[in-house]
Each structure stands twice: as structure tokens, then as C-alpha cells.
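Chemist: Listed here are the chains, written in short residue letters.
2 protein chains.
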Amino acid sequence: MVHGRVSRLSVHDVRFPTSLGGHGSDAMHTDPDYSAAYVVLETDAEDGLKGYGITFTLGRGTEVVVCAVNALAPHVLNKDLGDIVGDFRGFYRQLTSDGQLRWIGPEKGVVHLATAAVLNAVWDLWAKQEGKPLWKLLVDMDPRTLVSCIDFRYITDVLTEEEACEILQQSQVGKKEREEQMLAHGYPAYTTSCAWLGYPDATLKQLCSEALKDGWTRFKVKVGADLQDDIRRCRLVRNMIGPEKTLMMDANQRWDVPEAVEWMTKLAEFKPLWIEEPTSPDDILGHAAISKALAPLGIGVATGEQCHNRVIFKQLLQAKALKFLQIDSCRLGSVNENLSVLLMAKKFEIPVCPHAGGVGLCELVQHLIIFDFISVSASLQDSPSN
Amino acid sequence: MVHGRVSRLSVHDVRFPTSLGGHGSDAMHTDPDYSAAYVVLETDAEDGLKGYGITFTLGRGTEVVVCAVNALAPHVLNKDLGDIVGDFRGFYRQLTSDGQLRWIGPEKGVVHLATAAVLNAVWDLWAKQEGKPLWKLLVDMDPRTLVSCIDFRYITDVLTEEEACEILQQSQVGKKEREEQMLAHGYPAYTTSCAWLGYPDATLKQLCSEALKDGWTRFKVKVGADLQDDIRRCRLVRNMIGPEKTLMMDANQRWDVPEAVEWMTKLAEFKPLWIEEPTSPDDILGHAAISKALAPLGIGVATGEQCHNRVIFKQLLQAKALKFLQIDSCRLGSVNENLSVLLMAKKFEIPVCPHAGGVGLCELVQHLIIFDFISVSASLQDSPSN
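If you're matching them up, the sequences are chains A and B in order. Residue numbers for the first sequence, in this note's numbering: 121 to 506. Residue numbers for the second sequence, in this note's numbering: 121 to 506.
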């Protein structure tokens with residue numbers, strides 16, 4: 121049973137100088153220093169367990185997120201952990217609807233990143249006290265308790281609490297088998313590590329060759345800065361991986377809507393499964409227009425790593441704006457908000473493929489996607505990682 | 121001519137305890153302390169002029185915005201003011217697309233509020249050096265220079281630079297007369313000061329009576345917390361102001377989409393001109409659904425004070441989601457981004473009625489709306505303040 125009162129919240133500004141090697145570079149983030157605001161929760165319980173939670177950042181600005189975590193701290197300090205997770209919907213609402221703090225969001229940008237870091241730490245502590253990894257805590261939780269963690273505000277026109285429960289109930293069938301499958305084989309993945317935009321062709325070639333040897337079958341290439349460069353790099357990768365393996369492209373929001381359609385029409389010959397983040401993460405109708413234009417070319421639209429909350433995801437689904445939905449474990453409001461997005465994706469039959477390029481993201485997101493497979497989507501079919 | 125190098129940027133956390141009297145209270149912000157992050161720019165020029173810029177906040181969290189302003193400061197310090205305003209589009213892009221900082225936005229929430237405060241200070245300094253109020257600086261600027269201040273990224277599918285120029289050219293006719301009209305009569309306004317949600321009925325009655333004596337003809341009432349309260353308060357105000365004067369309602373994002381329609385159907389008997397912020401500021405499709413449902417009742421949807429950038433406004437216009445567009449002088453990226461929204465509103469023939477309830481907002485926004493009347497919309501027709 122969860123227990124203890126939160127006695128301390130500390131937050132650290134952790135930065136890695138990844139820009140020195142061009143790692144993580146793309147068309148909009150040319151010099152990222154992969155970083156994180158790192159939250160540690162301690163309680164007065166005698167077990168000595170701590171909750172660790174992060175939100176991913178790119179270097180400069182991490183101190184701003186740290187400042188926002190400290191602004192949220194009074195909502196967490198001296199709270200009983202049992203009270204927090206016993207009314208997790210209420211606690212989520214308390215953090216995101218603080219009558220003064222919400223003005224500088226609401227549920228977006230710095231304050232929402234900070235909320236994610238704090239809530240990720242709460243979930244981590246809860247799972248540790250239960251002696252389970254997070255995915256297993258979620259998988260073992262009954263549907264009613266799971267949905268009680270979700271704030272349905274602003275999404276009831278698409279997903280009510282009752283519908284969410286029904287989805288979870290229906291996915292009970294075969295859960296045990298899917299859990300065994302995950303334990304035996306893990307969840308399929310792709311690699312972006314070969315083709316960051318800042319890498320010279322020689323590096324790209326070498327890394328791609330190594331990845332092929334290591335057994336990778338799905339490769340993502342960063343595009344969007346220069347069309348001739350993109351054509352050369354995509355040709356290089358497609359030639360190396362052959363026609364059967366999967367190629368994805370990622371423009372990191374570089375284009376306007378007409379430009380995205382034009383550019384991708386020229387890259388269509390390399391048979392990409394998807395174009396990721398073709399334009400502004402806020403442009404739902406823009407993504408819908410791009411999806412419609414690229415569908416005849418067999419190219420799907422993927423987006424989500426900078427979609428700031430469940431309201432944006434709701435509309436992307438309503439507008440048929442994406443074919444692959446990319447949740448982020450610490451841009452959305454932690455597990456709580458991700459649960460609502462996984463359930464909406466299931467309702468619209470859109471596969472989820474999480475964003476995982478960053479400090480700690482792979483570690484966090486594996487729990488969400490394994491839970492999704494076992495308890496929600498129940499399928500690897502049509503998954504971009506498949 | 122603009123001159124001088126920015127030698128100092130200081131930023132202050134200014135708070136007023138407005139929550140003590142319930143001033144500014146609404147259905148989502150029950151205890152706001154009207155506050156601001158206040159930026160002062162100094163140059164090495166001998167004129168000793170300083171640029172003042174703010175962004176409005178509600179108390180807690182102002183320190184987070186201050187932290188973000190300091191994170192942006194290196195982009196401004198030691199820059200030549202002539203270089204900044206000479207390539208204002210580029211400077212706006214530099215602030216909003218910093219390859220590391222944009223991750224914690226982009227162009228939304230804390231970093232965008234900070235961007236607005238910094239840019240507002242730049243515009244203030246520019247206007248002071250020219251010896252003009254800001255509205256006059258804008259009105260006297262030729263169309264080509266005006267559009268060179270706008271970053272058209274992500275809006276070219278709706279408004280190109282050429283179209284923006286054409287709109288401004290077409291509105292040259294009658295400019296002089298409209299400027300004289302503004303100088304003689306000012307711009308019409310409404311009042312929200314009578315009916316904050318936290319006011320008891322006696323206060324509401326007294327303030328409404330005083331406002332009527334002072335000659336106000338348009339009144340806004342906060343709604344959304346409790347239907348019976350809303351009915352009582354709206355009846356009270358409508359009875360006091362009579363059937364001819366204008367009544368508006370403001371729910372401050374309290375409702376989900378179906379709830380908004382249901383609630384407003386019950387308040388329709390009080391003949392509101394508009395319902396403001398019926399749901400999440402991020403829900404473009406939700407606003408469109410509400411607009412469609414309430415149109416037969418003669419109620420328009422107004423929104424914008426928490427629309428975080430031009431991409432959201434673009435879509436609200438594309439989706440026919442609003443009948444009145446409410447820009448904010450310091451949530452959008454200052455004058456630069458507001459110019460793009462004023463021009464898009466003109467293209468879609470939607471009247472602009474700025475958000476002005478907050479510290480310094482009335483002072484800032486009067487410049488934008490006077491410019492809009494003289495140089496863009498050229499009309500008070502259909503304006504909510506009319």
C-alpha cells in the first residue's frame with residue numbers, strides 16, 4: 121500500500137553537451153544540448169524510497185523549467201502519497217488548474233513540462249512502493265482505478281469516462297498472453313541514431329552500416345533544411361537498407377503547409393512510411409491538409425512530440441490529421457494525461473508510436489507503450505514499429 | 121532615426137494583491153493577484169530614453185516568466201536598436217526559434233509571454249525615439265515596412281506577405297479621416313468591472329448603477345461556475361441595463377463542448393451578444409462546434425486572450441470558430457505577431473475586440489486597436505464595442 125508524506129522535493133538542472141558532436145541535431149534544433157529538469161521526491165516513510173521524475177529539455181531554458189517546478193512544489197509538499205494517488209484526477213487538476221499559475225500555461229509549455237516532471241516522480245514512487253515497474257503497475261490496475269487518474273476536462277465530446285472503461289474492459293481478453301509476449305520479445309523499435317541532420321555523409325554511412333549489422337530494420341532520417349541534401353541523404357540510406365526495410369522522415373516543423381506537400385512529393389520516390397512533424401505542432405488543420413495531400417503517395421503523417429496536451433491530440437484525431445500518433449512521456453502531463461491520449465487513439469484506431477529521442481525518454485516511454493500494447497491497443501498491427 | 125546599442129535589460133516581478141477584493145475573479149481564476157513581468161531596456165544613446173515592456177500575469181508564476189526573460193536577454197543585449205528594428209522579422213524569429221529554448225515552447229506559454237515582454241519594450245523604445253505614440257508609429261509606417269516586422273512562418277497557407285501588403289494598401293483610403301475620428305472621439309469600449317464572479321450581488325448592483333450613470337452601454341458578466349447563480353446575475357444586469365444595451369458573457373474556459381452549448385442555451389433568454397471562452401483555448405474544433413450550435417440563438421463566440429500564437433488564430437478563422445477575435449497584447453509575441461493576426465482577421469472579415477482586463481493591458485492594446493481601425497479594418501461596423 122502507498123504510504124508516507126512528501127517531505128522533500130528537490131529539482132536539478134542536468135545538461136549534457138551533445139551539441140559538440142551534432143547528436144540530436146535537426147532542421148529546427150541545430151545545436152541541442154540534451155538535458156533534463158530532474159525531480160526527486162522524498163517521504164517520511166521508513167522505506168527510504170524516493171520518486172524520480174524528469175522532463176526532457178535541450179539545454180538553455182532548463183533553469184526556467186526548474187523555476188516552474190519550484191512554483192508547483194507547494195502543491196506536493198506535505199501531502200500524503202495515499203491521498204495523492206487516491207484522488208489522482210483531483211491532484212492532476214490541482215496542479216494544472218492552480219488559479220494563478222494556469223495563466224502562464226494553461227497545460228502547455230514550461231508549466232506543463234514542470235507538471236510532467238513532478239507527476240512522473242509521483243508515479244515512480246508509487247510503482248516502487250508497490251514493488252513493480254510502472255508498466256506492470258498500470259497493467260495490474262483495474263479499469264475503474266485507471267480512469268480515475270484521468271482528467272476528462274475538455275475531451276468528453278470525444279471520450280467519456282464510461283467509454284474509457286469499456287475500452288479497457290474489452291482489452292482484458294488476451295492480456296496475459298500479450299504480457300508474456302512482451303516479457304519474451306520486448307516491444308519493436310526503430311532507430312534515429314544514424315541520421316541526425318548534423319552528421320556528415322561518412323558518419324551516416326558508417327552508423328547505418330553498423331545498425332544493419334545490429335539487426336535494425338527501421339530507420340528514421342532527419343530532413344527539411346535543404347532539399348538537395350535530403351535527396352542525397354535519403355537515397356544513400358534507402359540504397360543501403362534496400363527496398364524492403366522501413367524508412368521514415370522527420371522535418372521537425374520546418375515547413376509551412378504548401379511547402380510540406382511540395383517537398384515531400386519530391387522525396388516520395390524513397391518510399392517513406394511517414395513524414396513526421398511536417399509543420400507547426402499547433403497546426404491541426406494544416407496537418408489534416410498535408411495528410412490528405414500525401415495519402416495518394418502512400419505517405420502518412422506522424423506527429424506528437426511537441427503536441428502540448430490532450431486537447432491538441434483530440435483534435436488531430438477528430439480532423440484525421442495523422443496516421444501515427446507520437447505521445448511524449450514528459451511533454452504531456454505524465455502518465456495521467458498519456459492514458460487519456462492512448463484511449464482516444466484506440467477509439468480512433470490510430471497506432472501509437474512514442475517519441476523517445478532524448479534524455480530518459482526511452483526509459484520512460486517503454487512503460488507507456490508496453491502498457492498500451494497489453495491493456496489498450498492490444499495490437500502491433502499497423503504499428504510504425506512493425 | 122533609431123539609434124543606440126542595448127546596454128542593459130532589467131526585469132521586475134510586480135504584483136498587486138487584487139485577490140483580497142475578488143477583483144478579476146472568474147470561473148477558472150478565483151483568486152488572481154493581477155501582476156506583471158516588467159522589462160526595462162536601456163541603451164548607450166545619449167537621449168537617455170528607456171523602453172518599457174510588460175507581460176501580464178496572475179501572481180504566482182511571475183517569477184518563472186522573469187526567469188524566461190533572463191534566458192532571452194543574451195539575444196537582446198549589446199544589439200544595435202537600428203539592426204533590431206531594421207530586420208524585425210529576423211529578430212522575432214531569433215527570439216522564438218532559439219534552437220535550445222524553443223523546446224520549452226515553441227511560441228507558447230512562459231517563453232512566449234517573456235518574448236512579448238521583451239519585444240513590447242523594443243517597440244516602446246522605438247516609438248519613443250521617433251517621438252510618437254506606438255499607434256502613430258504604426259499608422260505612419262509604409263505597408264512594406266509594416267509587413268517586414270511579421271514572421272509569416274506557418275501562416276502562408278492563409279496569408280502571404282503580398283496579400284498582407286495589398287490589405288494595407290487598400291486601407292490607405294480614408295486613413296486621414298479615421299485618424300481624425302480617433303483623435304476626436306477615441307475608440308469605443310465596454311466594461312467588465314461591474315460583474316467579476318467573486319462580487320456579491322450588492323456590489324454588482326452598485327457598480328452597474330454607477331457604470332450606467334457614467335454612460336457605459338456595453339456590459340460583460342462572468343459566468344460558468346454555477347448555472348443558478350448565472351441566471352440570477354444575468355437577470356439582474358439585464359434588468360438594470362434594459363433591453364437595448366449590450367450584454368456579453370464570459371465563461372473563462374470553464375466548460376466542455378457539450379456543456380457549453382447546454383449552459384448557453386439556458387442563458388440565451390438574456391440576449392448575450394457573445395459567449396467568451398466557452399471551453400479550452402486550444403480547442404479550435406470545439407469552438408467551431410459551439411459556434412455552429414449557438415448561431416441560431418443569435419449568440420456569437422468570442423475568444424483569444426489565451427490563444428497562444430498566430431497559428432491558433434489562423435485555424436480559428438479557417439474553421440469559422442469565432443465571431444469576435446480577441447487579441448492579447450502580451451500573450452501573442454508583441455506587436456509583430458499581433459500585426460499578422462489583425463491582417464488575417466481582416467481577410468476573414470472578423471472584427472477584432474482586444475483583451476484588456478489586466479495590469480497594463482488597456483494601455484497596451486489601445487495602440488493596436490486604434491491602428492487596426494485606421495490602417496487595417498477601417499470599420500467599427502460589427503465591432504463588439506459598437
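In case anyone wonders, no lab produced these hints; they're calculated from the structure. One or more hints might be untrue.
DSS-like cross-link-like pairs, simulated, lysine-lysine; straight-line CA separation at most 30 Å [stated by the list, open to error]:
{"hint": "1", "chain 1": "B", "residue 1": "K386", "chain 2": "B", "residue 2": "K467"}
{"hint": "2", "chain 1": "A", "residue 1": "K386", "chain 2": "A", "residue 2": "K295"}
{"hint": "3", "chain 1": "B", "residue 1": "K412", "chain 2": "B", "residue 2": "K443"}
{"hint": "4", "chain 1": "A", "residue 1": "K467", "chain 2": "B", "residue 2": "K412"}
{"hint": "5", "chain 1": "A", "residue 1": "K325", "chain 2": "A", "residue 2": "K386"}
{"hint": "6", "chain 1": "B", "residue 1": "K248", "chain 2": "B", "residue 2": "K296"}
{"hint": "7", "chain 1": "B", "residue 1": "K296", "chain 2": "B", "residue 2": "K325"}
{"hint": "8", "chain 1": "A", "residue 1": "K256", "chain 2": "A", "residue 2": "K325"}
{"hint": "9", "chain 1": "B", "residue 1": "K386", "chain 2": "B", "residue 2": "K325"}
{"hint": "10", "chain 1": "B", "residue 1": "K256", "chain 2": "A", "residue 2": "K440"}
{"hint": "11", "chain 1": "A", "residue 1": "K412", "chain 2": "B", "residue 2": "K412"}
{"hint": "12", "chain 1": "B", "residue 1": "K365", "chain 2": "B", "residue 2": "K440"}
{"hint": "13", "chain 1": "B", "residue 1": "K199", "chain 2": "B", "residue 2": "K256"}
{"hint": "14", "chain 1": "B", "residue 1": "K296", "chain 2": "B", "residue 2": "K467"}
{"hint": "15", "chain 1": "B", "residue 1": "K199", "chain 2": "B", "residue 2": "K248"}
{"hint": "16", "chain 1": "A", "residue 1": "K443", "chain 2": "B", "residue 2": "K391"}
{"hint": "17", "chain 1": "B", "residue 1": "K412", "chain 2": "B", "residue 2": "K386"}
{"hint": "18", "chain 1": "A", "residue 1": "K333", "chain 2": "A", "residue 2": "K296"}
{"hint": "19", "chain 1": "B", "residue 1": "K467", "chain 2": "A", "residue 2": "K412"}
{"hint": "20", "chain 1": "A", "residue 1": "K412", "chain 2": "B", "residue 2": "K296"}
{"hint": "21", "chain 1": "B", "residue 1": "K467", "chain 2": "A", "residue 2": "K440"}
{"hint": "22", "chain 1": "B", "residue 1": "K412", "chain 2": "B", "residue 2": "K325"}
{"hint": "23", "chain 1": "A", "residue 1": "K248", "chain 2": "A", "residue 2": "K365"}
{"hint": "24", "chain 1": "A", "residue 1": "K440", "chain 2": "B", "residue 2": "K440"}
{"hint": "25", "chain 1": "B", "residue 1": "K440", "chain 2": "A", "residue 2": "K467"}
{"hint": "26", "chain 1": "A", "residue 1": "K325", "chain 2": "A", "residue 2": "K296"}
{"hint": "27", "chain 1": "B", "residue 1": "K296", "chain 2": "B", "residue 2": "K256"}
{"hint": "28", "chain 1": "B", "residue 1": "K440", "chain 2": "B", "residue 2": "K467"}
{"hint": "29", "chain 1": "A", "residue 1": "K443", "chain 2": "B", "residue 2": "K386"}
{"hint": "30", "chain 1": "B", "residue 1": "K412", "chain 2": "B", "residue 2": "K391"}
{"hint": "31", "chain 1": "B", "residue 1": "K256", "chain 2": "B", "residue 2": "K443"}
{"hint": "32", "chain 1": "A", "residue 1": "K391", "chain 2": "A", "residue 2": "K467"}
{"hint": "33", "chain 1": "A", "residue 1": "K412", "chain 2": "B", "residue 2": "K365"}
{"hint": "34", "chain 1": "A", "residue 1": "K467", "chain 2": "A", "residue 2": "K295"}
{"hint": "35", "chain 1": "B", "residue 1": "K391", "chain 2": "B", "residue 2": "K365"}
{"hint": "36", "chain 1": "A", "residue 1": "K440", "chain 2": "B", "residue 2": "K412"}
Chemist: Are the hints correct? Go through all of them and say.
Modeler: Do the hints match the structure? See the list:
Between K386 (chain B) and K467 (chain B), the direct Cα distance comes to roughly 34 Å. Violation of the 30 Å bound is thereby established for this hinted pair. Only pairs whose Cα atoms come within 30 Å are accepted, and K386 (chain A) paired with K295 (chain A) is rejected, the gap being roughly 43 Å. Only pairs whose Cα atoms come within 30 Å are accepted, and K412 (chain B) paired with K443 (chain B) is accepted, the gap being roughly 11 Å. This hinted pair checks out: K467 (chain A) and K412 (chain B) have alpha carbons roughly 25 Å apart, not beyond 30 Å.
Pair hint K325 (chain A) plus K386 (chain A) holds up; C-alpha atoms about 22 Å apart against a cutoff of 30 Å. The straight-line distance between the Cα atoms of K248 (chain B) and K296 (chain B) is roughly 22 Å, inside the 30 Å bound, and the hint therefore holds. For the suggested pair K296 (chain B) and K325 (chain B), the alpha carbons sit about 42 Å apart, so the restraint of at most 30 Å is broken. For the suggested pair K256 (chain A) and K325 (chain A), the alpha carbons sit about 39 Å apart, so the restraint of at most 30 Å is broken.
With a C-alpha separation of about 22 Å, the suggested pair K386 (chain B) and K325 (chain B) falls inside the 30 Å cut-off, and the hint holds. A threshold of 30 Å between alpha carbons decides the hint, and for K256 (chain B) with K440 (chain A) the separation of about 45 Å lies outside it, so the pair is violated. Taking the CA atoms of K412 (chain A) and K412 (chain B), the gap is about 24 Å. The hint holds against a cut of 30 Å. Among the hinted pairs, K365 (chain B) with K440 (chain B) is consistent with the structure: their alpha-carbon atoms are about 27 Å apart, no more than 30 Å.
Restraint check for K199 (chain B) and K256 (chain B): the C-alpha separation of about 25 Å stays at or below 30 Å, so the hint holds. Our distance criterion of 30 Å between C-alpha atoms is met by K296 (chain B) and K467 (chain B), whose separation comes to about 22 Å. For the hint pairing K199 (chain B) with K248 (chain B), the CA-to-CA distance comes to about 18 Å; that is within 30 Å, so the pair holds. Among the hinted pairs, K443 (chain A) with K391 (chain B) is inconsistent with the structure: their alpha-carbon atoms are about 43 Å apart, more than 30 Å.
Of the pairs offered as hints, the one joining K412 (chain B) and K386 (chain B) holds, with about 16 Å between alpha carbons and a cut-off of 30 Å not exceeded. Between K333 (chain A) and K296 (chain A) the CA atoms are separated by roughly 33 Å; this puts the pair beyond 30 Å, and the hint is violated. Of the supplied pair hints, the one linking K467 (chain B) and K412 (chain A) holds, its CA atoms being roughly 25 Å apart against a limit of 30 Å. Using a Cα cut-off of 30 Å, the hinted pair K412 (chain A) and K296 (chain B) is violated, with the two alpha carbons roughly 46 Å apart.
Between K467 (chain B) and K440 (chain A) the alpha-carbon distance is near 27 Å, which keeps this suggested pair within the 30 Å criterion. Proposed proximity of K412 (chain B) and K325 (chain B) is contradicted: the alpha carbons are some 33 Å apart, above 30 Å. Using a Cα cut-off of 30 Å, the hinted pair K248 (chain A) and K365 (chain A) is violated, with the two alpha carbons roughly 39 Å apart. Taking the CA atoms of K440 (chain A) and K440 (chain B), the gap is about 18 Å. The hint holds against a cut of 30 Å.
Note on K440 (chain B) and K467 (chain A): the hinted pairing holds, with a Cα-Cα distance of about 27 Å set against a maximum of 30 Å. As the CA atoms of K325 (chain A) and K296 (chain A) are separated by approximately 42 Å, the hinted pair breaks the 30 Å bound. Of the supplied pair hints, the one linking K296 (chain B) and K256 (chain B) holds, its CA atoms being roughly 12 Å apart against a limit of 30 Å. Under the criterion of a C-alpha separation no larger than 30 Å, the hint pairing K440 (chain B) with K467 (chain B) is consistent with the structure, at around 13 Å.
Distance restraint check for K443 (chain A) and K386 (chain B): the Cα-Cα separation of roughly 39 Å exceeds the 30 Å cut-off, and the hinted pair is therefore not satisfied. For the hint pairing K412 (chain B) with K391 (chain B), the CA-to-CA distance comes to about 17 Å; that is within 30 Å, so the pair holds. Between K256 (chain B) and K443 (chain B), the direct Cα distance comes to roughly 28 Å. Compliance with the 30 Å bound is thereby established for this hinted pair. Our distance criterion of 30 Å between C-alpha atoms is met by K391 (chain A) and K467 (chain A), whose separation comes to about 28 Å.
Only pairs whose Cα atoms come within 30 Å are accepted, and K412 (chain A) paired with K365 (chain B) is rejected, the gap being roughly 47 Å. Under the criterion of a C-alpha separation no larger than 30 Å, the hint pairing K467 (chain A) with K295 (chain A) is consistent with the structure, at around 18 Å. Between the alpha carbons of K391 (chain B) and K365 (chain B) the distance comes to roughly 10 Å, so the proposed pair stays at or under 30 Å and holds. Of the supplied pair hints, the one linking K440 (chain A) and K412 (chain B) holds, its CA atoms being roughly 20 Å apart against a limit of 30 Å.
When held up to the earlier numbered hints, the structure conflicts with 1, 2, 7, 8, 10, 16, 18, 20, 22, 23, 26, 29, 33 and fits the remainder.
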